[in-house]
Amino acid sequence: MAVGRSGFWKRILTVDMPMVLILLFALGPYFWMFVTSVSQESVLFTTGPSLVNATLENYVRLFETIGFADNLIDSFLVASGTVAVGLSLSVTAAYAFSRFDFRAKRLLMTQFLVINMFPLVLLILPLFILMRWLGLLDTHLALIAANSTIAIPFSIWMMVSYINGIPKSLDEAAMTDGCSRLQALRRVILPLCLPGIVATGIYIFITSWNEYLYALTLGGREVRPITVAVQTLIGEYEVQWGLLSAGGIIGAMPAAVLFLLVQKRLISGLTQGAVKG
Amino acid sequence: MRHRFSDKTELHALGRRVLPYAMLSPAVLVTLAIVFFPMLQTTWMSLHEYILFRPNDFHWVGLGNFKAALNDEVFWISFGHTLIWMGITIPAQLLLGLTTALLLNQNFPWRPIARALIIIPWALPSVIIALMWVWIYDSNYGVANEFLLRLGIVQKAVPWLANPDTALASIILTLTWQGFPFFAVMILAGLQSIPHSHYEAASIDGASQLRQFWHITLPGISGVVVTAVLLRLIWVANSFDVIFVMTGGGPGYSTYTLPLYAFIKARTNLDFGYGSAIAVLFTLLLMVFVIFYLRRMRRMI
Chain C
35 MAVGRSGFWK RILTVDMPMV LILLFALGPY FWMFVTSVSQ ESVLFTTGPS LVNATLENYV
95 RLFETIGFAD NLIDSFLVAS GTVAVGLSLS VTAAYAFSRF DFRAKRLLMT QFLVINMFPL
155 VLLILPLFIL MRWLGLLDTH LALIAANSTI AIPFSIWMMV SYINGIPKSL DEAAMTDGCS
215 RLQALRRVIL PLCLPGIVAT GIYIFITSWN EYLYALTLGG REVRPITVAV QTLIGEYEVQ
275 WGLLSAGGII GAMPAAVLFL LVQKRLISGL TQGAVKG
Chain G
127 MRHRFSDKTE LHALGRRVLP YAMLSPAVLV TLAIVFFPML QTTWMSLHEY ILFRPNDFHW
187 VGLGNFKAAL NDEVFWISFG HTLIWMGITI PAQLLLGLTT ALLLNQNFPW RPIARALIII
247 PWALPSVIIA LMWVWIYDSN YGVANEFLLR LGIVQKAVPW LANPDTALAS IILTLTWQGF
307 PFFAVMILAG LQSIPHSHYE AASIDGASQL RQFWHITLPG ISGVVVTAVL LRLIWVANSF
367 DVIFVMTGGG PGYSTYTLPL YAFIKARTNL DFGYGSAIAV LFTLLLMVFV IFYLRRMRRM
427 I
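Residue numbers (this note's numbering), protein chains in the order written: chain C, 35 to 311; chain G, 127 to 427.
Incorrect hints may appear among the rest.
[As the list claims (entries may be wrong)] Cβ pair distances, simulated, as ranges:
no., chain 1, residue 1, chain 2, residue 2, range
1, C, Val148, G, Asp183, 30 to 36 Å
2, G, Glu199, C, Gln145, 18 to 24 Å
3, G, Asp183, C, Leu224, 49 to 55 Å
4, G, Trp236, C, Arg166, 48 to 54 Å
5, G, Leu196, C, Asn198, 43 to 49 Å
6, C, Leu226, G, Pro345, 33 to 39 Å
7, G, Ala328, C, Asn87, 54 to 60 Å
8, G, Leu344, C, Arg221, 45 to 51 Å
9, G, Ala328, C, Phe42, 21 to 27 Å
10, C, Met287, G, Asn182, 43 to 49 Å
11, C, Val77, G, Ala328, 26 to 32 Å
12, G, Leu344, C, Val77, 49 to 55 Å
13, C, Arg166, G, Arg424, 46 to 52 Å
[As the list claims (entries may be wrong)] What the simulated footprint calls covered on chain G by chain C, stretch by stretch (three residues with Cβ under 8 Å from a Cβ of chain C suffice, anywhere in the stretch; the number is not a length):
no., region
14, 292-299
15, 337-343
16, 390-404
[As the list claims (entries may be wrong)] To list a few chain C residues with every Cβ distance to chain G over 10 Å, as calculated:
no., residue
17, Arg39
18, Val86
19, Ile107
20, Leu171
21, Pro201
22, Ser203
For the record, the hints were derived by calculation from the structure and aren't laboratory data.
Everything numeric in this text was worked out from a predicted model, so none of it was measured.
Built from N, CA and C at the ideal position, the CB exists for glycine as well.
Make the full structure from the sequences, and use the hints.
Now the structure itself:
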């Protein structure tokens, strides 16, 4: 009994307490932003943000005067478009990588890995010129294309690891029953790796939703995702922190919630390679 | 009859050889168009003088832009900051991430909640992270100053981001905050892949906790750690959005890094030739790590 109790206190001291401190560090800034967002603008520079007299004033202003809803729609369209492009192109590619042996396999797989590591700054300048030349600046399409530079290679790698987890014997069985390769892919493989596809899609959605530099460079007046919209709330002379943090809370919400939903599957996909390596 | 049969198998054999390429071609073609073509274009631009508001004045300067960069004081300042920035951010993220992972690997009742919440900083949009920290660091009304003043650590409010001496350090703290959860979840996955029996055997042999950590835990996670460090190095190097939003490189040049410098050259000065040259130089530097990473991944391919 005595041992048990001292063990309990030891655990509190060596595990729970440090964990709480780290969580405070991790969540504190976000919490502070929330507190700021429900404080009146006039209070911020006098007594400071607080939960006393909490108000939704900033949120109302954000939608009524700034038109934040349009920005949310822009972000949503860009992110969903990127998910559609990324997934549709990568499913067949990942299947080919997983199931066939062909001469250029190694080269092509390495290529998709390397793309993921090119500095964004290397691509952003020519993409701007390319989109200007195509007349696509300030359209959703331009942002979808730019985000796909990251989404395609990433989803190919994730999908390969999911499809590798499905035994080859299953598609072979389907093919002996008279399915063609593509039918086997559609009827057997896709349903089985649906959870993986969903997780990959959600991850692409989050990264596109969070993306800022492409949105800033290739977007503009017509198409302005929330990441750019929030930043433009910084005025020349003064910053309306209440308004800005309300925008931040709303802008961060979808990504945070989606991430919590799929984090287990996603992390297992991400770390699978790393743990083996 | 026999003839038709052999035709069919030949067709099959051909199909089998072509099919993988057919299935890959959409993805490959699109990446050629949106990644490789632009990349070549950057290289091409870097060999020219090209200023966006003088579109007709696109002329060949060979390696002129690169020579200019190597003689450019700001280039070397940015280079130095890039080294400091990466050299401190990554180890800090790793240490904090390792500590977090070791804690999360212990048994305590609220572990699932802690594990879910810890990831939050990593999931948030960088701009929002950057703005949030600008507000925290605010010299007059920021909570960081208030906190430190109350504890008596500083005597008067410090303008964290406006002071050249503290700006880079402040940004590094923000980046550490943003990235440590990634290490935590990666390392945690590594920890959980170590078989329990190893620890049991070591306990029976009377090995202390420290020795167990040194001889079982560390070797068990070393693979994940190296991969995570390389990935993170490459990602952190690529992401300059946090710096761009927090200080825009200032005050003066005190938070300039190479990718940011390239971006600002092109965006503000519209000097696409010189900006491209810096981007190419930076990419070449980064390639060292990319090659390391590829060699590790080779085994998987």
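Where does the structure disagree with the numbered hints, that is, which hint numbers, in rising order?
Violated hints: 2, 11, 13, 14, 15; rest satisfied.
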